[in-house]
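Asks: Heads up: the sequence lines are chains A and B, in that order. Reminder that position 274 of the first sequence reads as 274 in our numbering, one-by-one numbering, no gaps. Numbering-wise, our numbering comes out as the position in the second sequence, counting from 1, plus 1000.
Hints may contain errors.
[Claimed, not checked] Residues from chain B that face chain A, not an exhaustive set, calculated with beta carbons under 7 Å:
| hint | residue |
| --- | --- |
| 1 | F1070 |
| 2 | L1074 |
| 3 | V1090 |
| 4 | L1119 |
| 5 | I1124 |
| 6 | R1193 |
| 7 | S1196 |
| 8 | P1197 |
| 9 | S1212 |
Quick caveat, the hints were computed from the structure, so don't treat them as lab data. Computed from a predicted model, the values in this text were never measured in an experiment. Glycine included, every Cβ here is placed at the ideal spot set by N, Cα and C.
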Amino acid sequence: MADSSLKQPIAAAAPKPQGATSGFQWGKWLLVAFVFGYLALILLVPALNVFIQALKGGLPGLVDTFTSKSFVNAVKLTVIATAITVPLNTVFGLCAALSLANKNFPGRSLLISIIDLPFSISPVVAGLMLVLLFGNRGWFGPLLDANAIKIIFALPGIVMATIFVTMPFIAREVLPALEENGTQQEEAAATLGATPWQTFWRVTLPSIKWSLLYGLILCNARAMGEFGAVAVVSGNIVGKTQTLPLFIEEAHVQYNTQAAYTASLLLACLAVVTLVLKYLLERSAGIQSKGH
Amino acid sequence: MTSFPPSSSQGFWHQILHASWPWRVTWLYLTLFLFLPIAALLLKALTLNPAEIWRIATDPVAISTYNVTFFTALVAGIINGFAGLIIAWVLVRYEFPGKRFLDAIIDLPFALPTAVAGLTLSTIYSTNGWIGGFLEPFGIKVSFTRLGVLVAMIFISLPFAVRTVQPVLQDLEAEAEEAAWSMGASQWQTFWRVISPPLMPAILTGVAMGFSRAVGEYGSVVIIAGNIPFQDLIAPVLIIQRLEQFDYAGATVVGTVLLLISLAVLLVINLIQARGRRFYG
């Protein structure tokens, strides 16, 4: 953005080879048109379609789905799993970022790569790992069976799968913020007699709050929408272990298009809220979107 | 804050016993939720005998799923590599109405759950959908074919291609281009000689990250594809199908193949970035 503001006056003031200037403008609009076209085909039309399909059946169509028992249960389960996952990942993300920021020790960059690892592993493979651990033929299967504890095909499995795929979100946002802030303020607080805990709450946390919020928003969106990992471990039992994304797939497979799109509408609204908050944070707190 | 991680001059056990609690929480969490599951997969794979692993890993259905998964993901990554460069260029260099909106919507694939993406893409690209309807007279079918897999993979990998290139392009100084122009270089020369060299590592990183994400993708692909073996069945769907048949060995071997390839791609990404840093600081 700095470049474009820098560029205009130069382009206007400095005499350029004539052909370059006029061809440049022409090229500009061609490229802009390409971008609009490409994004329309891949992103805009599909996004718009969710709202149109969901609202096609009018209010009765929406109410039908919103009042169905399996839908309500799917929403509940998604909210519960997210409400457990996000705080746990927040504690982990903060601890990991605090352990890494402004420190130098052998293996530091390896540890950062390890924390980022879940983003590289297919969610389905993550789910498979949990089945091999906790499924009835897995490592802990007999032990869990003997104590009548269910992890796979139950809430704990869904939570663990969601934790796995969303693990890096908070750490990777908070770490750069901590590095940028340095340690002077914390050192000053410690000199003035603050305990580490006080320093964390009064000095460190306020200084990273926007980055933390940014990570939380992304983590939340992914947790609510996770499909692959949860599909493996949940068993997709209607009304019991069916999350919202699984509800959508099942409704789609059973040709219940209205129900699938109504549930999608809810998640699409979540996506819109996520994008708006993300955009606002990027503008006001200067955070850069870097993928994931 | 407190003195963690401990300096390397102290003994190993001393370090463990005196580590600060954020450090302990980090390792506990990683052990429980990351290392233990990965170990479960790898150790399960090791319990199978090598001949068995080879038979399962090279089974014709498995081979066809690698083919569909990796080839399609690579094509999606390359298409997005080009498109992402153009999108990043347009967003950084030009002013036009709707720019901020486009910039924000690039991240939609991160925000929109993949089940929703798969559902809406399959509707739009089906033979009676808005876009699929246009393609149908030309004999092009997208939904429930391999082309559908490609569309879903393009959707989910797009942001990587844009967001890796965009910041590098922003930091590029317009002065070098001005200089090249004023010395009589053509636009193409300026682009290939001045702009593209520092961008290359970013573009390749974006392609590799998009590829890696597309390889692992399940949600959107399973909905838009027909999931027919030898046609459009991808490896993650095969894993789920094998699990549903209680074929744990089959699922484990295919899962391990995917895991190892993901790790290899991650290594490549790190090498590209290290190279990029070395040359372009």
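Asks: Compare the structure with each hint and give your call.
Replies: Verification of the hints:
1. F1070: Violated, about 12 Å.
2. L1074: This interface hint is violated because 16 Å lies over the 7 Å limit.
3. V1090: holds, 5 Å
4. L1119: holds, 6 Å
5. I1124: holds, 5 Å
6. R1193: Where the cut-off is 7 Å and the nearest Cβ of chain A is about 15 Å from R1193 of chain B, the hint is violated.
7. S1196: violated, 16 Å
8. P1197: With a minimum Cβ separation of about 17 Å from chain A (threshold 7 Å), the hint on P1197 of chain B is violated.
9. S1212: Status holds, d = 6 Å.
This entry does not satisfy hints 1, 2, 6, 7, 8, going by the numbered hints stated previously.
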